[in-house]
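Trainee: Full structure from sequences and hints, please.
Residue numbers for the sequence shown follow numbering that gives the first Met the number 0, so the first one is 0 and each next one is one higher.
Honestly, the hints are just simulated from the structure, not real lab data. Computed from a predicted structure; not experimentally measured. It is possible that part of the hints are untrue.
For lysine to any residue, the following SDA-like pairs were computed, each having C-alpha atoms within a straight-line distance of at most 20 Å [what the hints assert, rightly or not]:
id, residue 1, residue 2
1, LYS193, ARG96
2, LYS193, SER149
3, LYS193, GLY298
4, LYS193, GLY144
5, LYS151, THR54
6, LYS151, ASP78
7, LYS151, GLY192
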Amino acid sequence: MMERLFGLLVFISRDFILSRLLSTLHVRTRANGLAFIAVILAVYSILYSALAYSTIEVGNINTVDAGTWSGQILMAGNDDVCVRSDRRCDAGGNNCRVRRNYTVMVQGAGAGGSFVVNLGAEEIPFRLYYNDAVGVAGRVELLPGEEITSQKGAQANGCGPADNGNFSVEFDIGDLYNVSAGDYSGNLDFVIGKNNGRGETFEGQIDVALRLASVVQITGVDNLGLVVGGDYLQGGDDFCVYRNGGAVYGVNVSSSNSAAAGVFTLSTGADTVNYEVFYDDVVGSGSGGVSLTEGVQSGGFSGSGSFSAGCLSQNASIYVRAPAQLFQRFGNYSDTLTIEIIPE
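Mentor: Shown next as structure tokens:
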């Protein structure tokens with residue numbers, strides 16, 4: 000009997016219950032009537048709550064792509080999303096009211112929930128932000144596992160078509176120099192919830208992507224002055240070669256005076272002298288380095304995976320020599336060598 004009565008009451012309107020309540024009060028004593036009001040109102044409150052639905056959802060989620068790094072100072076990316084957070088919907092999930100505030104909490108894939116992208120065992124950290132409007136203006140930084148509250152601007156009765164939230168990421172250049180080239184990716188698990196911390200939540204995932212191009216840099220190169228050394232006029236220089244990830248690279252050295260392919264040439268303008276060039280990925284190699292052919296690439300050299308703006312740690316050398324007996328006339332012999340570093 001009680002089950003049948005409850006099922007019936009679910010479909011009775013509020014006005015009907017109140018009218019029945021008021022008509023019933025005429026046949027009760029004052030004391031009993033007050034108790035009856037309390038009971039009926041409690042039942043009405045329970046039934047009304049059972050008819051009130053609410054929804055939290057996030058839509059229009061795309062990969063946050065920070066692009067391809069090839070030496071830029073800062074890499075960043077963002078994605079606009081749609082956030083729905085409403086309440087007091089009817090049985091069909093329509094005619095909802097907007098819930099004023101919502102919360103956001105995110106965990107990354109790194110240790111302790113840190114925000115990172117990975118390529119195999121190598122990882123790159125990044126900063127994560129959220130904005131309760133489209134774009135990045137006014138955003139706040141998110142920390143792993145820490146909830147931000149009082150986010151506004153949610154939609155009701157559906158998500159979209161307009162967006163009203165934004166996730167954005169930033170990578171520092173210092174974290175990009177010391178890892179290998181390649182495609183990095185990572186996941187972020189987020190939770191959108193009620194601002195009071197109770198009730199339903201929406202859980203989702205965002206992908207983050209970053210590509211690192213093969214990057215090389217040569218610094219600390221000086222002019223070579225040739226001096227007599229035994230049977231040769233010779234000179235050398237040590238400098239720095241950076242290759243992201245400490246990977247291998249090739250070298251192609253060309254001569255501005257070369258009159259024939261494959262030959263390095265010193266010239267006074269009237270006289271010429273051919274000379275040898277040696278290259279190595281250690282300092283001070285001299286003629287123990289790899290003998291180069293002008294304009295032809297030689298490879299298999301290892302660069303430093305640690306970038307330094309001012310060539311703090313030399314890791315490469317070039318050495319040139321020419322037989323002293325070839326210099327038959329006075330004059331200023333010179334050449335310009337162009338050293339091309341090529342990722343392999």
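Trainee: Take a quick look at whether LYS151 and GLY192 sit within 20 Å of each other, Cα to Cα.
Mentor: 12 Å, holds
Trainee: Just to be careful, I want the Cα atoms of LYS151 and THR54 compared with a cutoff of 20 Å; is the pair within it?
Mentor: Roughly 15 Å separates the two Cα atoms, so the pair holds.
Trainee: CA of LYS193 to CA of GLY144, is that 20 Å or under?
Mentor: With Cα atoms ~16 Å apart, LYS193 and GLY144 stay inside 20 Å; holds.
Trainee: Taking only the CA atoms, is the gap from LYS193 to ARG96 under or equal to 20 Å?
Mentor: The hint holds at about 14 Å.
Trainee: Is the straight-line distance between the alpha-carbon of LYS151 and that of ASP78 20 Å or less?
Mentor: 18 Å, holds
Trainee: Taking only the CA atoms, is the gap from LYS193 to GLY298 under or equal to 20 Å?
Mentor: 60 Å, violated
Trainee: Taking only the CA atoms, is the gap from LYS193 to SER149 under or equal to 20 Å?
Mentor: 9 Å, holds
Violated hint for the displayed structure: number 3, the only one.
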